[in-house]
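Visitor: As given, the protein sequences belong to chains S and Z, one line each in that order.
The first sequence runs 1 to 393 under my numbering.
The second sequence runs 1001 to 1151 under my numbering.
Quick caveat, the hints were computed from the structure, so don't treat them as lab data.
Each hint should be verified, as a subset may be incorrect.
As the list claims (entries may be wrong) - Capping the alpha-carbon separation at 30 angstroms, the derived lysine-lysine pairs in DSS-like fashion look like this:
(1) S:K316 to Z:K1058
(2) Z:K1010 to Z:K1037
(3) Z:K1058 to S:K391
(4) S:K316 to Z:K1010
(5) Z:K1079 to S:K390
(6) S:K46 to S:K217
(7) Z:K1037 to S:K391
(8) S:K390 to Z:K1135
(9) Z:K1037 to S:K98
(10) S:K390 to Z:K1126
(11) S:K390 to Z:K1058
(12) S:K372 to S:K315
(13) Z:K1135 to Z:K1079
(14) Z:K1010 to S:K372
(15) S:K3 to Z:K1010
(16) S:K315 to Z:K1010
(17) S:K257 to S:K64
(18) S:K220 to S:K46
(19) S:K315 to Z:K1037
(20) S:K271 to S:K372
(21) Z:K1058 to S:K315
(22) S:K390 to Z:K1037
(23) Z:K1092 to S:K315
(24) S:K316 to Z:K1037
(25) Z:K1058 to S:K372
(26) S:K391 to Z:K1126
(27) Z:K1037 to S:K372
Keep in mind it's a predicted model, so treat the numbers as computed, not measured.
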Amino acid sequence: MEKLIYLDNAATTRVLPEVFETMKPYFTEEYGNPSSTYEFSGRIAKQISDATSVIAKLINANEKEIYFTSGGSESDNWALKGAADALRSKGNHIITSKIEHHAILHTCEYLEKHGYEVTYLDVDENGLIDTGELERSIRPDTILISIMFANNEIGTIEPIGKIGETAHKHGICFHTDAVQSFGHVPIDVEAMNIDMLSASGHKINGPKGIGFLYIRKDVKISNFIHGGAQERGRRAGTTNAPGIMGFSKAVSIAAEKMNERISYETRLRDKLINRVLDEIPYSRLNGHREQRLSNNTNFCFRFIEGESLLILLDKKGICASSGSACTSGSLDPSHVLLAIGLPHEIAHGSVRFTLSEDTTEEDIDYTVDSLKQIVERLRSMSPLYEDFVKKSN
Amino acid sequence: MSQITEYSEKVMDHFMNPRNVGEMENPSGVGTVGNAKCGDIMRMYLDIDENQVVREAKFKTFGCGAAVATSSMATELVKGKTVQEALEVTNKAVMEALDGLPPIKVHCSLLAEEAIHAALWDYAEKNNIVIEGLKAPVKDIDETEEFYKTP
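Excised from the complex, chain S in its bound form (with noise of 0.2 angstroms):
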């Protein structure tokens, strides 16, 4: 087999064979409907139970308040929409940040489109937000306060637990995007003052097609997938056993493997960050250097682009991805690296490498040795290498 470096673990992950292997009886055996009425179907209601509430006691909450959804996306977006619905009446202004995945930013330019006011903070140089800036922001038709934990693209985490904080001492429901934390960080919904929560079962070594919403008891939200009476007749839909199973499955094993991931993690992610700083000139880390998801590198090389480093990584079977504008269809850098201020120029030369548990430190040395070769072949085609050369001769 050719040589294959996964670092993209921040787009997906590998199911571990133990969650394949807790999935499968509930494609071919037990694949009966949780919500029949028979006891074929509800044993199976059992378990999903059983593995709710394994899913739950991860972040502090009840079993009562985990609703699943199809993943992340869908969770941000009934969350969004379905608080905005239910709290028309007490008010229009939503506030965000500038540096929120497309499904939260996409749901709040629609939800502008039919009479709401959003407030996009804007974050530091590292990618935090301002809790200062977000309290001046709130107004007294303010409903909902929507900041992601950790940055998808920078791995920056926001100080959550002042934001929840003052959210509350405000009464304003507070929502967190944590499809980039969930499993990887600790999250306690009661300390943080999360009143809803998304995260998705694909970024923790589960399978595509599952996420959930957590809602605490008390938030008023609306509901977005009509017709059944799955997840408390708020989220129509027949029940996906396979993948709520396995989704716990992975919750738990990410949950025992905690701690010790986070320390194996930032020693590798802090040798790619060093070597890569110390090696390759004219390179910059971006995100925060300390504050930042334990499997995230986010880096620019200059007078260079994004996707020709991609497809040379790709040649050397590295798996990276860039925030350059030629990988992501549109002809615009990643909104994210435009947010820390980084100019467009500089925004279009940036690689993302996101580690996991299965990276080892030999693929850290193959990817900064390749890294290099990559860049200085690069450099060498560049007009504006060139030109940088002779003005400093």
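Keeping the supplied structure of chain S fixed, place chain Z upon it in accordance with the hints.
Guide: Below, chain Z alone, put in the same frame as chain S:
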């Protein structure tokens, strides 16, 4: 999402093994087009003989796979042509020679055409001649230097 898998074999070949990369000392004409803000900059060098035939072409490009491939192909297409013929190397010709480009990358081929024109313009200006049908290139190069630590 990514167009990497949408690239034709020819595009990949010209990206992986670009023809005529480099600089030229005392070129007959040199042109730089595009801007870093949009993510593409192409520079083309032409060596043109006394019979107005392109003897040699070189390029340097900052940009995506398609930008590199179109620059490479453009240099191949203008070599051996008279300046008048080179002027007729259109973005369409470059695209066809590469067996097509994904729709979002078509602007790269336009940039290649502009790069040829800019280099020819420079040649015409230096030699005080008029190439029929050639317009002055637009200059909008921009690059920022902060944000990086120096080695």
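Visitor: Hint by hint, say whether it matches the structure.
Guide: So, going through the hints one by one against the coordinates:
Using a Cα cut-off of 30 angstroms, the hinted pair S:K316 and Z:K1058 holds, with the two alpha carbons roughly 27 angstroms apart. The straight-line distance between the Cα atoms of Z:K1010 and Z:K1037 is roughly 27 angstroms, inside the 30 angstroms bound, and the hint therefore holds. Under the criterion of a C-alpha separation no larger than 30 angstroms, the hint pairing Z:K1058 with S:K391 is consistent with the structure, at around 21 angstroms. Only pairs whose Cα atoms come within 30 angstroms are accepted, and S:K316 paired with Z:K1010 is accepted, the gap being roughly 20 angstroms.
In summary, the hint linking Z:K1079 to S:K390 is supported, as the alpha carbons are separated by about 27 angstroms, within the 30 angstroms threshold. Annotation: proposed proximity of S:K46 to S:K217 holds, straight-line Cα distance about 21 angstroms (limit 30 angstroms). About 20 angstroms separates the Cα atoms of Z:K1037 and S:K391, which keeps this hinted pair within 30 angstroms; it holds. Only pairs whose Cα atoms come within 30 angstroms are accepted, and S:K390 paired with Z:K1135 is accepted, the gap being roughly 29 angstroms.
For the hint pairing Z:K1037 with S:K98, the CA-to-CA distance comes to about 20 angstroms; that is within 30 angstroms, so the pair holds. For the hint linking S:K390 to Z:K1126, the alpha-carbon distance of about 22 angstroms falls within 30 angstroms, and the restraint holds. Taken as a hint, the S:K390 and Z:K1058 pair is honoured in the structure, with Cα atoms around 18 angstroms apart against an allowance of 30 angstroms. Between S:K372 and S:K315, the direct Cα distance comes to roughly 14 angstroms. Compliance with the 30 angstroms bound is thereby established for this hinted pair.
Distance hint between Z:K1135 and Z:K1079 is fulfilled; the C-alpha atoms sit about 21 angstroms from each other, no more than 30 angstroms. A hinted pair counts as satisfied when its Cα atoms are at most 30 angstroms apart, and Z:K1010 with S:K372 qualifies at roughly 26 angstroms. At roughly 24 angstroms between alpha-carbon atoms, S:K3 and Z:K1010 fall within 30 angstroms of each other, so this suggested pair holds. Proximity of S:K315 to Z:K1010 is assessed by CA-CA distance (about 16 angstroms); at most 30 angstroms being required, the pair is judged to hold.
Only pairs whose Cα atoms come within 30 angstroms are accepted, and S:K257 paired with S:K64 is accepted, the gap being roughly 25 angstroms. The straight-line distance between the Cα atoms of S:K220 and S:K46 is roughly 27 angstroms, inside the 30 angstroms bound, and the hint therefore holds. Taken as a hint, the S:K315 and Z:K1037 pair is honoured in the structure, with Cα atoms around 27 angstroms apart against an allowance of 30 angstroms. The hinted pair formed by S:K271 and S:K372 meets the criterion: a straight-line CA distance of about 15 angstroms does not exceed 30 angstroms.
For the hint linking Z:K1058 to S:K315, the alpha-carbon distance of about 25 angstroms falls within 30 angstroms, and the restraint holds. Distance check on the hinted pair: S:K390 and Z:K1037 sit about 21 angstroms apart at the alpha-carbon level, within 30 angstroms; holds. The suggested pairing of Z:K1092 with S:K315 holds, with an alpha-carbon distance near 28 angstroms, which does not exceed 30 angstroms. Annotation: proposed proximity of S:K316 to Z:K1037 holds, straight-line Cα distance about 28 angstroms (limit 30 angstroms).
A threshold of 30 angstroms between alpha carbons decides the hint, and for Z:K1058 with S:K372 the separation of about 25 angstroms falls inside it, so the pair holds. About 23 angstroms separates the Cα atoms of S:K391 and Z:K1126, which keeps this hinted pair within 30 angstroms; it holds. Only pairs whose Cα atoms come within 30 angstroms are accepted, and Z:K1037 paired with S:K372 is accepted, the gap being roughly 24 angstroms.
The structure fails none of the hints (numbered hints given earlier).
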